[in-house]
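Residue numbers (my numbering), protein chains in the order written: chain A, 1 to 82; chain B, 1 to 658.
Hints are computed from structural coordinates only; laboratory data are not their basis.
Model, not experiment: these values are computed from the prediction.
Check each hint, because a few of them may be wrong.
As the list claims (entries may be wrong) - Stretch by stretch, here's where chain A covers chain B in the computed footprint (C-beta under 8 Å, at least three residues):
| id | stretch |
| --- | --- |
| 1 | 424–433 |
| 2 | 441–452 |
| 3 | 598–609 |
| 4 | 619–631 |
We put the CB at the ideal spot given by N, CA and C, even for glycine.
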Amino acid sequence: MTVRARIREFIVESFFVDDFSDDDSFLRNSIVDSLGMLELVAFLEKEFRIKVSDAELVPENLDSLAKVCAFVERKKIVGTAA
Amino acid sequence: MCGIAGFTFSYGLPAEERRTRFGIRVRRMAASLRHRGPDAQRALLLDGVALGHARLSILDLAGGAQPMRDPSTGVAIVFNGEIFNYLELRERLASRHAFRTRSDTEVILASYLDRGIDCVLDFIGQFAFAIYDPRLKTLWLARDRVGILPLHYTETAEGLAFASEAKALFAGGWRTPALDARGVKQTLQLWSPVVPRTAFEGISQLAPGSVARWSNGRLQTWRYWDLDLGVEPRSQLDAAGAEEELGALLEDAVRLRLRADVPVAAYLSGGLDSSLVCSIAQSQLGGTLTTFSVAFDDPAFDERTFQDEMALRLATRHRAVPLGGREIGELLPAVVRHAEQVLLRSAPAPLFRLSGLVRACDTKVVLTGEGSDEIFLGYDLYRETRVRQFWARRPGSKWRPALLRRLYPYLPMSQQGHELLQQFFAIGLDDPQGPGFSHLPRWAASGRTLRFLSRGFAESAAEEDPVASVLASLPARVRGWKPLARAQYLEMQTLLSGYLLGAQGDRMLMGNSVEGRFPFLDHRLIEFAAALPDGLKLRGLTEKWILRRYAARWVPKGILARRKYPYRAPISSALTGPDAPAWARELLSREAIRKAGVFSEEKVEKLMAKLSTRSGAASEVDSQALTAVATTQLLVDQLLPPPPVPQREVDAVDLETA
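Generate the whole structure from the sequences, applying the supplied hints.
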């Protein structure tokens, strides 16, 4: 399963949404609530073995499926390089 | 307080036929409201109308029996509630009306005979009543200004039927109980159906502050009072003057609400409002006040320290009932039976338990602090609206939205990063003049529960957009008000009258035959607060500023300074854990969800799995969804169809034909 598909599945399973596009803002569209954001981060850390710092908890990294995918891909590269 | 019921039918039927055809129906209706009035149940069959009453005797214990009829005109009344200024009105009317009782019921009757239905304008009180006037062949219904007491009606093949609660309309056989898909959908997002809609198909509620006239087979309703927040603020009033006036009004509101021929006690939550009401009441009673509190086993919800501090300081006779999550789960079926509504929080359950304690202590009347947050801008929602308005003026500002963190330090997100928090609260920021501006973040969050609806149910309510419905219900003038005023109006229309005073208020009190009285909802105080400049209510981000200033005379610093504590009760673990009550295991099963047809069984199953396996606290949205599912299942299970009224209770209703 691709990173994108895995994250999408997590969102659907955890937040009970049927349909959303890759660029829909999670927060503005109430797809994920504030506690849900923390669930999402915990999931990313565990699933993709990455560490998310406080400074990285910003909408640019987390507020849509496309942004989360890009963020995870970047982190994985950094993780591999290190 | 009491329960009322009745209906109209064809004129000119012989007494015997009226008795056989309609006697049983009105008796069943009155009997179904026995919890509201266990002291006596009576019914009266007149030409063309039946009136039923269940009585909780509080004033004129001997003489206040109902239905009550004026012997000279034949005008008859059934009344639920209290007219607190009845003594003053009685004095004013005494020269024109020969009073036969000491009750406030007769004061309403005399006022109506004196000036017609406009008499409601003279009443300081909480009421729902029906008056039948045979001279006009007209049935009048009226409900108090903010909707403290309920009043439902339905049009029938015979005419109009009305009752305090929907269950009486079912008991009378006027409607086959069925869910109103739109009403349910509205409740899931807005916390209550949009008036006149209810959770049940074909059953309407009379809007607060309204009267209805049923005459010649036609129903007309109109508002005789509405919250006016468009009044010119009294800008010349300084803080000291406002504090004096507030004190005089609140103390008088408490004084009037201590009028009863039985002892009046009070709820003490440990917050500012109830502490203040208890302090004033104790001083007026000269030291005989009894106070009641709920104490939660879970320290995250518990306010015991503050309750004990206040009770000790006031030297009240204090009683507390401890409560755990498990008991809340066990109480929910009875809670839903009384509430007759889908609930998004379990908070009514502890209040149901509390009124049970009151009743067990042989007390029938309690004062509460409800209403203060609505009229003096106490809720976080108002502070949030102010911050978001401030932010909307410079949407690019980095530091303006940072104020949100000060509002919600307890939200997990605000510890993590305010940029994510901002994103959530930015909903509607592009339209700060929009009528729903204040409530959009909340409604977006609660709207997530709609995702759990089954496909079939969602389709049956596809036309319904709850946010559009509630905004369409706003009178045109409200749109021209300032943002805080619009927020306040919406809050009073949806949360206060539709939920706090109903499902969580009257229904939880009357479920155990206890009457609540609400000094902060005295309309003189509401009108006073409405005319205060915003700066005296919400000063910067300090809520209820003028009330705090006045309260400092009565309440210790520790209570004044404490952070506002959203009243919550635990739920998720109670329904999903190993200790879940039997009803929850049964009604939340895949099979039961499918059978009820409201929610998707797959999604509910996922939600249950998520809640039972999570490590930390359940999110607010998930808890809300679970509560909504559980209470909808209970509503369907218990009220569709409702249990039959026990025959001995029907037999106990005294029927008079006149």
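Broken hints, numbered, in rising order?
No numbers; nothing is violated.
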